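Place chain X with the ligand on chain Z using the hints.
Chains Z and X, in that order, are what the protein sequence lines are. If you read the first sequence in this note's numbering, its first letter stands for residue 1, the second for the next number, and so on. If you read the second sequence in this note's numbering, its first letter stands for residue 297, the second for the next number, and so on.
Keep in mind the hints are simulated off the structure, nothing from the lab. Since the structure is predicted, the reported quantities are computational estimates derived from the model, not experimental observations. Think of the CB as a built atom: it goes at the ideal place given N, C-alpha and C, for glycine as much as any other residue. Mixed in with the good hints, there may be bad ones.
[Claimed, not checked] If we take Cβ atoms under 7 Å as the criterion, some of the chain X residues that face chain Z in the derived model are:
no., residue
1, A755
2, S757
3, E763
4, E955
5, M996
6, R1007
7, L1020
8, P1075
9, T1081
[To be verified] Straight-line C-alpha distance at most 25 Å; calculated SDA-like pairs for lysine to any residue:
no., chain 1, residue 1, chain 2, residue 2
10, X, K331, Z, N100
11, X, K604, X, I395
12, X, K429, Z, M35
13, X, K405, X, G544
14, Z, K290, X, V749
15, X, K1005, Z, D267
16, X, K1005, Z, E34
17, Z, K152, X, N1008
18, X, K475, X, P450
19, X, K430, Z, M1
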Amino acid sequence: MEFLRPATWDEALAAKAEFPTALPISGGTDVMVEMNFDVHRPSAILDLNRITELRQWEITDGVVRLGASVPYARIINELSEPLPGLALAAHTVGSPQIRNRGGVGGNLGGASPAGDAHPALLAAGRDVFVEVASAARGTRLIAIDDFYVGVKRNSMEKDELILRVHIPVADGPQQFSKIGTRNAMVIAVCAFGFALHPKNGTVGTGIGSAAPTPRRAVAAEEFLQGVLAERGLWESGDLLGAEVIQQFGELVKAAASPIDDVRGTADYRRHSLAVMARRTLTWTWNDYSKQIRSAA
Amino acid sequence: MSTRTIAGQKNLQDIRTGSKDGIGGSPLRPDGTLKVKGEFAYSSDLWHEDMLWGMALRSPHPRANILSVDISEALKLPGVYAVLTHEDIPGTKFYGLEIQDQPALAIDKVRYHGEAIAIVAADHPETARRAVKKIKVEYEVLTPITTEEQCLNPEVYGYVHEPHEFKSHGSGNICHSQKLVHGGGVTDEIRALADVIVSGDYEVGMQDQAFLGPESGLAVPAEDGGMDLYVATQWLHVDRQQVAPVLGIPEEKLRLTLAGVGGAFGGREDLSMQIHACLLAQRTGKPVKIVYARDESFFGHVHRHPAKMYYEHGATRDGKLVYADARIVLDGGAYASASPAVVGNAASLGHGPYNIPNVRMEAIALYSNNPSCGAMRGFGAVQACFGYETQMDKLAAELGMDPVELRQLNAMAEGDSMPTGQVIDSPAPVAELLQRVKDMPLPPPLDLTNLDVRTLPGALSNTTHGEGVVRGIGYSVGIKNVGFSEGFDDYSTARVRLEVIGGEPVAMVHTAMAEVGQGGITVHAQIARTELGVEQVTIHPANTEVGSAGSTSASRQTYMTGGAVKYAAEAVAQALIAKGRKRYGWTHNDLSLNGGKVVSESAGVLVSMVDLLGDDAIDLTREHHHRPTVPFDKETGQGFGHVQYTFCANRAVVDVDVELGLVKVVELTAAQDVGKALNPLSVVGQIQGGCTQALGLAVMEEIIVKDGKVRNASFTDYLIPTILDVPPIPVDVLELPDPNAPYGLRGVGEAPTVSATPSIVAAIRAATGLALNRVPVRPEHLTGTL
Ligand SMILES: Cc1cc2nc3c(=O)[nH]c(=O)nc-3n(C[C@H](O)[C@H](O)[C@H](O)COP(=O)(O)OP(=O)(O)OC[C@H]3O[C@@H](n4cnc5c(N)ncnc54)[C@H](O)[C@@H]3O)c2cc1C
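This is chain Z alone, in the form it adopts within the complex (with noise of 0.2 Å):
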């Protein structure tokens, strides 16, 4: 097996063109699991943790760029105020061992439907996107609803990699919460992300684990959008009331497409989901409910 190691991000996108197989690794936190499970003998692997545009973020325009490999533990300490869904996302991830080795571009590159960047991620809203890079046709942006395309599976191709995820900047309350059958630890049962949007009036939903991919729950976001502006409620931040909040549950809900396995049942999943869209839901609206009023 091949090991490489490339010193620089160019000298790395050579190498993915070289060896299209080579299997990257950032923090490794999935990759030599799945070694060591045998899921993967790969060819060769490419190192990427000499490459420093990786680990660094920074704040332009009201837009994150988040460097693939910054670790979960980073995001926390960071950058919990312009990305409060994905922070708390991250806090959700595996144990302190592996918030500090694990980032958002492994997450990427894995594209679990239990990943749980993702759902905070498709939260963010419409203008995320997953900046990749090759050696023979420079840089692209992909947005976020075209990146997850089947079980594991994303619109990279063999000779790209991630180099960082933009991601807006918070302009209002974003929540996540994450079904797991113990208290730390745990891979999701199922997942929510959720955020408000009042710059431009629109609301984020994400799914995780509970379809084949990631997903929005498109219905629920409509719904939720136009009872927002049809009663002002960016405005005055009045109580939603029971119902909005019990419909925007069960959309989130039909959203869905889970199955059975032994994590947790479809039914289950299904259920969990529409109690954390009514209290992601709550929570936010609460939230934003006391700026709108302090700032009044």
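What follows is chain X with the ligand alone, placed relative to chain Z:
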């Protein structure tokens, strides 16, 4: 953590307490820091020049005929030294703890998912892995026999072991059974005496020991044609007894040394890689190491028997139990392992620590094509306790009584008789233990003003900020036997040597006891210090050069091997004093060893041990046999079957998110009588660990088997409690000495694992109002989404 040690009224007076690190002290374990820092050498770290790596090919099918095995492609791979099947076994082909019904390598058929068919030795683990993939096996896949209904109708569904090859005590697909009748049994007349009757069907899932150190060891062929085996096990001598005949060598030629053990909990009582490594080493003439990967570990050891149980209790209006009836069906899987002993425990302990005038019980273990089940902490008693304690709560509810009072009203005490007719002849403070957990202060109520999600169900998963959270409290008490039962003489041997090293008297303790994390070696040193009045004690590596120490299981090691160390040390002390009498003509009858000296209570210090010993060493070996027991009568279950009983009571406080079905155990209190705490810190650790494993069974731990196939052979999906799942566990330790036991001690390790599960489920019931007749309780059970 709060710890209270209460001296019993009958506490032994004659315990010398010269050294603070003697018995009753809490010297730290020598392996603790090493393990925490990752420096402890486990069996998986074993290394030998020139060694090969062994690996097994395992069946993907739970039941199949093997039509052919083609090893030729595997043998051609460079770096492969041997590929063996059952045809290459030089000795007997079967082994087993009690019943030799398990082939060392499958012969013409496989009976469970993961059964080993062939083994490979290669110069690198990767080569071995590739070679395993090149072995071609042709299977005729058969429908597995997995349900009780299928097992009990072998003429329709087939035999796990064909009648002509059946080796167990039962018949058909029943591996073992035990009935019990006490008083008038359970008849219509007896039933008529009860004012209230409650009954229920209960189920316990398949728990795994989930030890962290995978099965591993190193077999080194010796020049004398024998074998040296370094292995992580629970009982060196019983391994030797099972391995030597398969290798076709006399037992003396197989020498075992204990390697670093990373947890056991019963899962290392059966053999795993021992025979395979030795066969490969024997064939290749080279040292062979085998280390299981995590997934293989789930196939490589037995699990806790899943159980289906029916219980019925009748009581008078004022809460006195009139009768109890039970049937316990344990799924033993493909091979017998410890099933007979598990059945014996379930039948004899299955009605709990209660006085019940009329009892009927039937316990059976099935053979099936599910994974083999055998020893796991508290076996037989754990499953039953979930049944009878759930019944006690049901009965209390039916009678409108307080559940603790109902239990206390019926609690057995010293002098009472078990349903087996065995009189309990040492303290049995069942009612008091319950009172103690009840009297402990309750944790503060949930405080939503100062929200820390880590304290809520779901914790950092951020599923609730208080919504749906309901608190519940539950109680339970359980009974477990200590030591091997039913006529088994599981004696222990200890060798103690006393000599002067570097101008100081030094004791050496040599036993074959498997230190699996229970703290046995720490206790051995404490015993030697106390008995010999020395500070320096070395522990000889555990091996088969000394006699058997029995198994590190059944809560027995401190009692049995600790007892043997005590007796050997006493003999050494007497020999030393005799030497002094001979040399100095002492006539005192009040001599003892203390602070490195021979001391007379009346005349003071007589001589230092250094002077008395000079260049001599005193080196003596003693065996410790517990009092004899007898097998239970097969039909009536009567008999003096158990060595000692142990009791633990628990109170669980839980918060349940009733909408999401997520549980946070807030506190789990334990009260246990330990007779005498030889090492109080270890005792509390054992009780907390036992409670934690019980918590795992209550809310998360289960091997999921579908149609005979294991679905979650990984720590990703077989979940064990993390630190955020383990609550504070205040422990109240009673010390009421057992006059039959060394130092009056009582085995500690299992009782909390027996008793704590039902208390947690009772608390969840209190919070949800649901019946919950199955463990582990899953979110689906709490939300009606199964
Ligand atoms: C004990 C444990 C607990 C876990 N718990 C969780 C959890 O709760 N939630 C969760 O979501 N995940 C969990 N995981 C999975 C894992 O930690 C996450 O998926 C993590 O985000 C992976 O990041 P990494 O940097 O370690 O990825 P790696 O393992 O290095 O890589 C993962 C995948 O992404 C690819 N990749 C990595 N970087 C790039 C790049 N720059 N460009 C292109 N491809 C790339 C790799 O080739 C590989 O396919 C857990 C893992 C373990 C071992």
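Next item on the list: Report the numbers of all earlier hints that the structure fails to satisfy, in ascending order.
Entry: Going through the list in order, the structure violates no hint and respects every one.
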